[in-house]
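Protein chains: 2
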Amino acid sequence: QDRSRGRCLCADKGANIVLVKNIKKVEIIPPSASCERQEIIVTLKNGAGRKCLNPESKFTKNIILKALEKQILPRAGFPQPRF
Amino acid sequence: QDRSRGRCLCADKGANIVLVKNIKKVEIIPPSASCERQEIIVTLKNGAGRKCLNPESKFTKNIILKALEKQILPRAGFPQPRF
Numbered sequence: 003q004d005r006s007r008g009r010c011l012c013a014d015k016g017a018n019i020v021l022v023k024n025i026k027k028v029e030i031i032p033p034s035a036s037c038e039r040q041e042i043i044v045t046l047k048n049g050a051g052r053k054c055l056n057p058e059s060k061f062t063k064n065i066i067l068k069a070l071e072k073q074i075l076p077r078a079g080f081p082q083p084r085f
Numbered sequence: 003q004d005r006s007r008g009r010c011l012c013a014d015k016g017a018n019i020v021l022v023k024n025i026k027k028v029e030i031i032p033p034s035a036s037c038e039r040q041e042i043i044v045t046l047k048n049g050a051g052r053k054c055l056n057p058e059s060k061f062t063k064n065i066i067l068k069a070l071e072k073q074i075l076p077r078a079g080f081p082q083p084r085f
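Chains as they are written, first to last, in the numbering used here: chain A, 3 to 85; chain B, 3 to 85.
Bound-form chain A, shown alone:
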């Protein structure tokens, strides 16, 4: 039996890709006593539910890195407020 599954939220390794424009929220859940794997779960727009993303996929790493970069590079024509 796969002991790493434990009380994880994701039943398997998850999707390698989702449409970025459909992402409402990304959750990163570090390994813990209840699940020894890191889990990454996206909530989709328009009530389309939640989906596990494969934390090892290039796509997953890239969307998260892009989200972080947006804080450095403001979106074109829509300047980031400066606090």
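No lab work stands behind these hints: they were computed from the structure.
Just to be clear, a hint being listed does not mean it is correct.
If chains are identical, the list can't say which one is meant, so a pair holds when it fits in one copy or spans any two.
As the list claims (entries may be wrong) - Here are the simulated DSSO-like pairs of lysine-lysine, each with C-alpha atoms no more than 30 Å apart in a straight line:
{"id": "1", "residue 1": "27", "residue 2": "60"}
{"id": "2", "residue 1": "63", "residue 2": "47"}
{"id": "3", "residue 1": "23", "residue 2": "68"}
Keep in mind the model is a prediction, meaning the values are calculated, not measured.
Let chain A serve as the given structure and place chain B on it in line with the hints.
The following block gives chain B in isolation, referenced to the frame of chain A:
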């Protein structure tokens, strides 16, 4: 009035730092029609609630990058399962 606040979840720019060992979950919420700012919210362990993290702080970027790296560099003495 600060139009960027909209229906954002975070009232202000958020904390620059939290104790990593207290983090249960990190949520990244991209800019949307209801809130034009990206928001990063951590859920703390032991029912200690949720806290907004400043998406522009070095700390925030680093904990997320570290979480992603863990997928590449397995934790010492606790090998990552290979699917």
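I'd like to know which numbered hints this structure contradicts. Please list them from smallest to largest. none
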